[in-house]
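Please arrange chain B on chain A, whose structure you already have, making use of the hints.
Listed below, chain by chain, are the residues.
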Amino acid sequence: MKVVSLHKNYQKLITKASKGYKRSQHQLFELFAPKMLSVCRQYVKNNEIAEEVMLSGFLKVFSHLSSFKFEGSFEGWIRRIMINEAISHLRKNKRLQFDQQENLENSIDHVTYLETKLEVEEIQKIIDVLPQGYKMVFVLYAVEGYKHSEISELLQISESTSKSQLFKARKMLRTNIEKQNIVNYGTHEI
Amino acid sequence: MEPMKFEDNIREKLQEREIEPSKDAWKKLDAQLQTSREKSSNRSIWFAVAASFIGILIIASFLFKDEVITLQNTTDLVIENTDEFDNKKEILFSDEETKNIRTKESKIVENTTQKENQLTINESAIIPKNTSDIAKTSDNSVKKSIQKKYIEKSETNKPIEDTNENLFIDLKVIEVVAQVKSLQKEKERVSNEEINALLLKAQWDIQTQKIINGKFKKVDATALLYEVESELEKSFRDQVFEALGDGFEKVRTAVVERNN
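Protein sequence lines, in the order shown, are assigned to chains A and B. Taking my numbering, the leading residue of the first sequence gets 1, the next gets one more, and so forth. Taking my numbering, the leading residue of the second sequence gets 1, the next gets one more, and so forth.
So here's chain A without its partners, still in its complex pose:
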């Protein structure tokens, strides 16, 4: 019942915001801005720049709000807009570059296991160290759950490039975590 009522409330709020009601737009912003800023922060190192990317993302959300047909998650819809906005920002600043593809068909990828959970700040630090191309593919695959075919379409790269970028990202992450002496090695193939 609560879920249904919440959904109905969201529907009213979204409908009003799409018609240009300022109060409804503000309410939507307050509901989703913290999570969306976190999404943008995954791709952009600087908090201030991440916030700019988030604001431009919300501008697009409110401009195209009437096109949302209440099919699927509203949060997922906003999230996709934020990711696209982050990619556009990185492309504009020419920070999105990918290494040449390597033949990774026969490579073995190791799964890294942790003894203790990492705190989010530590995770963010480890990810921020990665080159932009590696980080982008890793976050899209590991955090957002995109497939390599979807990543290749989004970033306009080949699937093999996407796979190689992910492999390299994982390799680098493992190295960084080992340096901190908090990991146990595994030999499971992926």
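Calculated from the structure, these hints are not laboratory results. All values derive from a computational prediction rather than experimental measurement. Do not rely on the hints blindly, as some may be mistaken.
[Claimed, not checked] Okay, derived cross-link-like pairs now, DSSO-like style, lysine-lysine, Cα gap no bigger than 27 Å in a straight line:
1) 125/A to 5/B
2) 22/A to 5/B
3) 35/A to 179/A
4) 13/B to 125/A
5) 23/B to 16/A
6) 60/A to 16/A
7) 12/A to 60/A
8) 171/A to 23/B
9) 23/B to 22/A
10) 13/B to 179/A
11) 12/A to 22/A
12) 5/B to 60/A
13) 27/B to 171/A
14) 92/A to 60/A
15) 171/A to 147/A
16) 27/B to 16/A
17) 23/B to 125/A
18) 45/A to 19/A
19) 19/A to 27/B
20) 125/A to 147/A
21) 45/A to 27/B
22) 12/A to 5/B
23) 5/B to 69/A
24) 45/A to 23/B
25) 60/A to 23/B
26) 94/A to 60/A
27) 27/B to 92/A
28) 22/A to 13/B
For chain B alone, coordinates are given in the frame of chain A:
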């Protein structure tokens, strides 16, 4: 604790994370939204202006089309009139034809005078009343014949107008007759001058009626020319009528003296 995959840990932590935006974040977004609203309203205004302009153009094109059609019609009418006028001009102003008409007129006049003379001689008693009638009829017959000539020459494809004209002429004739009769009742004898004056007035009325009936689209050139011609040929008409009157007077006096 079970060892967990590094990536699962990352996913879990990052998806749960929330970062509070700065206090000015909404203000910045609101300002951007305001500018986008203004842009869209300007765009809609321009669309409205463009649509109204196109609508005005379409309406103007329809109106202009109608005006062009009416203008063409009027020009056609003008062309017709000039053609008629030219025809009439040819009839009226060519020397030979005018001579022909005049000779015909004179012949008609002679014929009528001859007829009149025959009438007056054959009749045993000539009553003054009849003379005016005969003069009137002779005048009318002359006039009618002349008018008919003009009408025939200037015949257009509008017989209705001709019949109306003839009707008006007939009415005028009847009116003149009535006026002469009333004069006869007042006086025993009606002079030729008086009859001529009545006839001229009737002529004038007929010509003005012709002009009025033209309705400003079509000028009856025949009527205008006849009017002018009537003024020019007044002396000739006067001569004709004078000749008629003199002849008639002579015959009448001769008959009266004989009877006496």
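- Query: Checking against the hints above, which ones are violated?
  - Reply: 2, 3, 8, 12, 13, 18, 22, 23 and 28
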